[in-house]
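In case you want the letters, here they are:
Protein chains: 2
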Amino acid sequence: MKLYCFGESGNAYKCALALEMADLEWEPIHVDFFKGEARSPEYRAINEMGEVPVLIDGDTTLTQSGVILDYISSKTGKLGGRSAAERREVLRWLFWDNHKLSTQIGTTRFLMNFLAADKRPEGVIPFLQGRLKAAYTVLNDHLANRNWVAGEAVTIADLSCCGYLYYPEPYGFDRADWPNIDHWLDRIAALPGWKHPYDLMQRALPAATA
Amino acid sequence: MKLYCFGESGNAYKCALALEMADLEWEPIHVDFFKGEARSPEYRAINEMGEVPVLIDGDTTLTQSGVILDYISSKTGKLGGRSAAERREVLRWLFWDNHKLSTQIGTTRFLMNFLAADKRPEGVIPFLQGRLKAAYTVLNDHLANRNWVAGEAVTIADLSCCGYLYYPEPYGFDRADWPNIDHWLDRIAALPGWKHPYDLMQRALPAATA
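Top line first, the protein sequences correspond to chains Y and C. Oh and the first sequence: position 33 is 33 in full-length UniProt numbering, straight run, nothing missing. Oh and the second sequence: position 137 is 137 in full-length UniProt numbering, straight run, nothing missing.
If you are wondering where the hints come from, they were derived from the structure by calculation, not from laboratory data. Nothing here was measured: the structure is a model prediction, and the numbers come from that model. Quick reminder that beta carbons are idealized off the backbone N, C-alpha and C, glycines included. Do not rely on the hints blindly, as some may be mistaken.
Claimed, not checked - Derived pair list, reagent style BS3-like, types lysine-lysine, alpha-carbon separation capped at 25 Å:
| no. | chain 1 | residue 1 | chain 2 | residue 2 |
| --- | --- | --- | --- | --- |
| 1 | C | LYS119 | Y | LYS133 |
| 2 | Y | LYS35 | C | LYS133 |
| 3 | C | LYS35 | Y | LYS133 |
To be verified - Okay, the calculated bits of chain Y under chain C, using three or more residues with CB under 8 Å as the criterion:
| no. | stretch |
| --- | --- |
| 4 | 42–56 |
| 5 | 67–75 |
| 6 | 122–133 |
| 7 | 138–146 |
| 8 | 182–193 |
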């Protein structure tokens, strides 16, 4: 399988991590995102949404991290729910993550780290951070009495929700403020196959610091 | 079935519309959203995410519009894809809508219409409108040579993507600017069972104009 990706994309990381943890053979295809490659006509022919990641498996082309995660789980029988109710619970957190968590972190982290300071739109970062605080609260409360986001073992719901939370660039999230999230991230990182995003995928930008 | 909802919620509308179009018996339970009911401890006991909609079907409680739409389609055999590939395509557009379209419209429309003018955060509305323009472009281009978002007939992917697009309150979207979206909205509105959001669910705020 091939995954169109770049290191800074948390949405691509979710899929790269699932491929590793499901023990599948895969190869990254680097997308030069910050030079606009994902918006080029050539890339739009692969994904009209102009986004990373894209997974190619033979004749099957898939986009949207939630769809790719569901495909990996269905294909391997790993990282999914064990009943219809558990699968719906997994899907619920995949949607919540897309709707409330990863989307907002992706934008906030982009504005704070990958855009020149003089191009940052006034007022947007604190607004998004306020919305994110509400999302961190929901996730931290949810993890108060449980080890995993859905069900009794790690699932693609965990891999989706953690997608942006291991990155080192600042975006207003300090693990120490959210102890249940902090411990859960440690649990995921202790699993066989776990790797840091920058060890799985080539960065599109050079690291700012050593 | 019971749907926790209020008229202004496009996410609730998606589900109410699917219930109508799948010809199911359902009853709305009004949530007084703008008075904070969705964030109350009583409501959080129903949905820890503090969000509308919630669908109750006997012992089953479901949240996230994407999960509810998938449940309605699976239960009735209506409004879904006809093959595994079509179902993945439906899911892809559900995720895209949650990630790029409805989330951003919901926030923009809230800031422009349901929040006092002196509380609107500076700079946020034009920023979100810029991101939305990119999303409208993707959807409008996708609909250039097809009648429905996924497959050969209407599916829950259409009902998800249209969720906020029939509302009268201004948020920077003019149907005339997006002719393929405009015609597609007319096609959906011509289907049996279609109703306007304010004819399906009680508003939480009085209408600003007659």
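Status of the hints after comparison with the structure:
The suggested pairing of LYS119 (chain C) with LYS133 (chain Y) holds, with an alpha-carbon distance near 19 Å, which does not exceed 25 Å. For the hint linking LYS35 (chain Y) to LYS133 (chain C), the alpha-carbon distance of about 20 Å falls within 25 Å, and the restraint holds. In summary, the hint linking LYS35 (chain C) to LYS133 (chain Y) is supported, as the alpha carbons are separated by about 20 Å, within the 25 Å threshold. A count of 3 residues in the stretch 42–56 of chain Y with a Cβ less than 8 Å from any Cβ of chain C is obtained; the coverage claim is therefore met, three being the minimum.
As drawn, the stretch 67–75 of chain Y meets chain C at 3 residues by the rule of a beta-carbon pair under 8 Å; at three or more, the given contact holds. Check result for the stretch 122–133 of chain Y against chain C: holds, 6 residues qualifying (beta carbon to beta carbon below 8 Å, three or more required). Judged by the Cβ-Cβ criterion of 8 Å, the stretch 138–146 of chain Y is covered by chain C as claimed, because 3 of its residues qualify and three suffice. Under a criterion of three residues with beta carbons nearer than 8 Å to beta carbons of chain C, the stated coverage of the stretch 182–193 of chain Y fails, only 0 such residues being counted.
In summary, the structure is inconsistent with hint 8 from the numbered list given earlier, while agreeing with all the others.
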